[in-house]
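K.L.:
Given next are the chains, with one letter for each unit.
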Amino acid sequence: MPLTVRGRTAGRRGAARRPIAAATGALLLLIAACGSDPAPSGADNDAAGQPGAIVSLSPTATEMLFAIGAGDQVVAVDDRSDYPEQAPVTDLSGYTPNVEAVLGYDPDLVVTNADTGDLVAGLRRAGVETLILPAARTLDDTYAQLEQLGAATGHLAEAAALVAAVRTEIDTIVADLPDRDAPLRYYHELDNTYYTVTDDTYLGEIYAMLGLRSIATGGDGYPQLSAEFVLDQNPDVIFLADGQCCGVTPEAVAARAGWGELAAVREGRVFTLDEDIASRWGPRVVDLVREVARLVNPVPAVRPTS
Amino acid sequence: MIASPARRALVVACAVLALVVAVFVSILVGPAGLTPRGVLLDMADQLPYVRVESGLTPRQQAILWKIRMPRIVLGALVGAMLALAGAAYQGVFRNPLADPYLLGVSSGAGLGATLAIVFGAAAGFAGVPVAAFVGGLLAVGATYTLGRTVGGVRSEVVVILAGVAVAAFANAAQTFFMQLHDDTLRQVYSWMLGRLATDGWTEVLVVLPYVVATAAVIVAHRRTLDVMAVGDVEAASLGIDPARVRLLLVCVATLGTAAVVAAGGLIGFVGIVVPHAVRLLVGHGHRLLLPLSLIAGAAFLVVADVAARTLMAPAELPIGVVTAAVGAPFFLLVLRRSRGVS
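These protein sequences, in sequence, are chains A and B.
Residue numbering for the first sequence follows the working numbering, beginning at 1 and increasing consecutively.
Residue numbering for the second sequence follows the working numbering, beginning at 1 and increasing consecutively.
Excised from the complex, chain A in its bound form:
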């Protein structure tokens, strides 16, 4: 059912909460584009075969582009791309993309996470290449996408170096994990209607790497749980990825009817995550790994009796 899919997508991507900034950005960019910048002529690429003008319609792709040093080639990003700060935010929608609006920026390459509404065919008719980088299922997908993007933008070496650095740091964090007899069991809250992730997702894999197991199964990776089930499972830790979307705080969780009985609430192990980082699969995944490890490493190795 399309509704479910949309709901899920809405949760994975972080929401830009800066419409005014986006509009201002778009305006500035438009002025800049009209005024002073004749260099990236849309129709052809420069000598090295690098696309001179890239439009990103995916917040994750935007982060990847800037991380591999292709930021200078990016002429426009969608309204959800709020990182890094120098990204040229426009009012383009990556969610309901409009081919004409995208072509208005005269791109050589468009990067997006899904072929929504025949975007690819429309762009191809105008002679514009599209690179689709769908939501990653594993960390290896992230690495592969970084390298793919590096190859497509002429920054392969930088992409490879970045992948190596991320791998190394994650390996170090994992190696420094404390020993536990049993994995900690977590509940990762995507929104305030109790959508969550299972082990069989991108986030679930990262948690598993850090010695954590989801209380949830099934639901195609993103099931909606009932409060009853969460209470029954009594997770050791709760991660909130809905502070920005839904204003959920550890205090609000403790105030929910019955949730005060949870071990995680009583022991103060309800943690708020940056939901942008926790919903994208870009280079900042290393920040997520570091943050989760920092939060759970002090948790006693022996599980408290529930």
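Derived from the structure by calculation, the hints contain no laboratory data.
These numbers were taken from a predicted model, which means no experiment stands behind them.
Using N, Cα and C, we set each Cβ at its ideal position, and we do this for glycine too.
A portion of the hints provided could be inaccurate.
One side of the interface only, derived from the structure: several residues of chain A facing chain B at Cβ under 10 Å [claimed, not checked]: (1) I206; (2) G218; (3) G219; (4) D220; (5) F229; (6) L231; (7) N234; (8) A254; (9) A255; (10) W259; (11) E261.
Which bits of chain B does chain A cover? Going by a derived footprint, with three or more residues having C-beta under 8 Å, they are [said to hold, decoys possible]: (12) 22 to 32; (13) 196 to 205; (14) 304 to 315.
With chain A fixed as given, assemble chain B onto it according to the hints.
P.N.:
Chain B in isolation, oriented as in the chain A frame:
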């Protein structure tokens, strides 16, 4: 079908029994594996002068009393209200196809509630029923006016077509506002599909006064509706003002619908399945139809929620999907019958 007092009492007793059984099954079933014995003992423990050790942990007691119970009570209230409102609309419009969902009331209320969620986050939950009521009332007004202009008040199908058009318009407007504010998208979708999620007893306490008051008014008019079923002229000759009664009952039924829609989301077809099933059993007289629809509606939604909670456990199934799966085929049956008669 004429019901003797004994038969009438028997039917009501059966309905109450069905509701009690549904509630008990619902209390015993859920994704958290509480043992039936523990649940029953813990419930007995709540009775005055009874002290038994249920063996439930405080966490399991919280599941039972703060999560499962309020949800069941909310389900019963929502089901009762939707079924009663459906029966009232059918009586008022003398239209067997009338239903809060099909008249556009639910969609109008949905639009109102969406606007309240999107623009009035500060207003909190209490503001949502009011916005839903205004939306629902506007929608039913539009449906009725449109249906009347086009096909005359007696054309059943035209009123429903008008309702479908109004509902489509309200849904389109709702989608528009959701797209405009797509950070609230998931919240609104989740609510639209219908979900009896509660935060303790809060929702129950918000909805309860609306349901009690509107149900009392509707049931009090059961004899008036019987007279009006004969015809407006006959009703007027008995001192009833049909237009006034019609307006009052539509307002009241819409208010009740709006309150439960605000709490439970768009749960369709309850208002058509339940009253028609009741009519099959006891005939068309409103004296029995209204109270029975109330009880049976409560039982129906409690059972539907058991399915919603358990079919895909531990994941939840939106309850609106369950009622539509049962209700849509039933609606087609009713449609066939009503076309055959007229």
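K.L.:
Against this structure, judge whether each hint is valid.
P.N.:
Each hint, compared with the structure:
no. : hint       : verdict
1   : I206       : violated, 22 Å
2   : G218       : holds, 6 Å
3   : G219       : holds, 4 Å
4   : D220       : holds, 9 Å
5   : F229       : holds, 4 Å
6   : L231       : holds, 5 Å
7   : N234       : holds, 6 Å
8   : A254       : violated, 13 Å
9   : A255       : holds, 9 Å
10  : W259       : holds, 8 Å
11  : E261       : holds, 4 Å
12  : 22 to 32   : holds (count 3)
13  : 196 to 205 : holds (count 6)
14  : 304 to 315 : holds (count 5)
Hints 1 and 8 from the list above are not met by this structure, while the remaining hints are.
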